[in-house]
Amino acid sequence: MSEVKVYAHRGASGYMLENTWSAFQKACEFGVGIELDVQITKDGVVVVYHDDNLKRLSGKNCLIEANNYESLKDIKIGKRWKRRFISHSIPLAYEVFRWAKEKDVPLNIEMKKSVSTHPEGPEILAAMLEGAGEFHLSSFDPQLLRKMKKRMPETEMALIVKKGMPLEKIEKMEWIDSIHLHKRLYSMEFLKNLHQMKKKIRIYGLLGREAALRELAPELAGVITDYPDRIKEKLRLAYER
Numbered sequence: 000m001s002e003v004k005v006y007a008h009r010g011a012s013g014y015m016l017e018n019t020w021s022a023f024q025k026a027c028e029f030g031v032g033i034e035l036d037v038q039i040t041k042d043g044v045v046v047v048y049h050d051d052n053l054k055r056l057s058g059k060n061c062l063i064e065a066n067n068y069e070s071l072k073d074i075k076i077g078k079r080w081k082r083r084f085i086s087h088s089i090p091l092a093y094e095v096f097r098w099a100k101e102k103d104v105p106l107n108i109e110m111k112k113s114v115s116t117h118p119e120g121p122e123i124l125a126a127m128l129e130g131a132g133e134f135h136l137s138s139f140d141p142q143l144l145r146k147m148k149k150r151m152p153e154t155e156m157a158l159i160v161k162k163g164m165p166l167e168k169i170e171k172m173e174w175i176d177s178i179h180l181h182k183r184l185y186s187m188e189f190l191k192n193l194h195q196m197k198k199k200i201r202i203y204g205l206l207g208r209e210a211a212l213r214e215l216a217p218e219l220a221g222v223i224t225d226y227p228d229r230i231k232e233k234l235r236l237a238y239e240r
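Residue numbers (the numbering used here): 0 to 240.
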């Protein structure tokens, strides 16, 4: 049985504020990989943040792609009434990539819409990742993945599958190396079709109680979770069976 790698979703976001240094350092303590989201500012600076708009975590109605980094760098993000979840800064992607390489932490880098809409987005990100440690790129946008594959042919490209996307359509995307899907889409029929396509999968949304962890499919390459410590323990028990 091949190893199923665990990736902490937006860092260990079940314990610390998502996509922050605290979440990344907590994930590193657990000895797992990290899934994170990258955006590009108007002036071409790559930052780590999930939403296109900062409103949810900062209270400011501010689109990342419409602003220069200078106007964003001092904005604090967080969640009210949670001490570990307040007063964080938005990380710079190149600093996180460098840190991950030094710590030997694998990265699952999800590219958000701004990477595609910025005129030089793919070029900027590809240049930044030259010489990086272990990583793969993921996105809901197959055409963005196609652009990145042309620039980085040796890099794994993972398509995040939406509900209702025909598998026949995915099969024609020769630049797609793997599939990421929510646990609600995980089924034996889906796995059977993926096996024929020879594409590995990673599942996200798992909390640790799901059946997928009791009987591991050969196609399962990774799990993306807010609670990586729980999943590591469940996988350990599965390996011992």
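Hints were generated in silico from the structure; no laboratory data involved.
Cβ coordinates follow ideal geometry from the N, Cα and C atoms, glycine included.
Misleading hints may appear alongside valid ones.
What the hints assert, rightly or not - FRET-style restraints, in silico, Cβ to Cβ:
#, residue 1, residue 2, range
1, Glu133, Lys197, 41 to 49 angstroms
2, Glu239, Ala65, 47 to 55 angstroms
3, Glu173, Asn67, 18 to 26 angstroms
4, Leu62, Met127, 15 to 23 angstroms
5, Lys72, Leu166, 40 to 48 angstroms
6, Ala131, Ser88, 16 to 24 angstroms
7, Gly132, Pro165, 50 to 58 angstroms
8, Gly204, Arg55, 35 to 43 angstroms
9, Gly130, Lys197, 36 to 44 angstroms
10, Pro165, Ala131, 19 to 27 angstroms
11, Glu119, Arg83, 32 to 40 angstroms
12, Glu173, Arg79, 25 to 33 angstroms
As the list claims (entries may be wrong) - Straight line, CA to CA, 35 angstroms or less: simulated DSBU-like cross-link-like pairs of lysine-lysine:
#, residue 1, residue 2
13, Lys81, Lys168
14, Lys112, Lys149
15, Lys182, Lys171
16, Lys231, Lys41
17, Lys75, Lys102
18, Lys102, Lys199
19, Lys78, Lys149
20, Lys171, Lys199
21, Lys102, Lys54
22, Lys191, Lys41
23, Lys161, Lys4
24, Lys161, Lys100
25, Lys78, Lys54
26, Lys161, Lys191
27, Lys72, Lys41
28, Lys161, Lys197
29, Lys41, Lys162
30, Lys81, Lys148
31, Lys197, Lys41
32, Lys54, Lys4
33, Lys81, Lys41
34, Lys112, Lys199
35, Lys100, Lys81
36, Lys149, Lys4
Taking the hints in turn, this is what the structure says about them:
no., hint, in the structure
1, Glu133 with Lys197: 41 to 49 angstroms, "violated, 22 angstroms"
2, Glu239 with Ala65: 47 to 55 angstroms, "holds, 51 angstroms"
3, Glu173 with Asn67: 18 to 26 angstroms, "violated, 37 angstroms"
4, Leu62 with Met127: 15 to 23 angstroms, "holds, 21 angstroms"
5, Lys72 with Leu166: 40 to 48 angstroms, "holds, 43 angstroms"
6, Ala131 with Ser88: 16 to 24 angstroms, "holds, 22 angstroms"
7, Gly132 with Pro165: 50 to 58 angstroms, "violated, 35 angstroms"
8, Gly204 with Arg55: 35 to 43 angstroms, "violated, 19 angstroms"
9, Gly130 with Lys197: 36 to 44 angstroms, "violated, 29 angstroms"
10, Pro165 with Ala131: 19 to 27 angstroms, "violated, 33 angstroms"
11, Glu119 with Arg83: 32 to 40 angstroms, "holds, 36 angstroms"
12, Glu173 with Arg79: 25 to 33 angstroms, "violated, 47 angstroms"
13, Lys81 with Lys168, "violated, 43 angstroms"
14, Lys112 with Lys149, "holds, 18 angstroms"
15, Lys182 with Lys171, "holds, 24 angstroms"
16, Lys231 with Lys41, "violated, 39 angstroms"
17, Lys75 with Lys102, "holds, 26 angstroms"
18, Lys102 with Lys199, "holds, 26 angstroms"
19, Lys78 with Lys149, "violated, 39 angstroms"
20, Lys171 with Lys199, "holds, 16 angstroms"
21, Lys102 with Lys54, "holds, 32 angstroms"
22, Lys191 with Lys41, "violated, 43 angstroms"
23, Lys161 with Lys4, "holds, 22 angstroms"
24, Lys161 with Lys100, "holds, 31 angstroms"
25, Lys78 with Lys54, "holds, 11 angstroms"
26, Lys161 with Lys191, "holds, 18 angstroms"
27, Lys72 with Lys41, "holds, 13 angstroms"
28, Lys161 with Lys197, "holds, 19 angstroms"
29, Lys41 with Lys162, "holds, 31 angstroms"
30, Lys81 with Lys148, "violated, 40 angstroms"
31, Lys197 with Lys41, "violated, 39 angstroms"
32, Lys54 with Lys4, "holds, 33 angstroms"
33, Lys81 with Lys41, "holds, 31 angstroms"
34, Lys112 with Lys199, "holds, 24 angstroms"
35, Lys100 with Lys81, "holds, 30 angstroms"
36, Lys149 with Lys4, "holds, 26 angstroms"
Going down the numbered hints, you'll see the structure goes against 1, 3, 7, 8, 9, 10, 12, 13, 16, 19, 22, 30 and 31, while the others check out.
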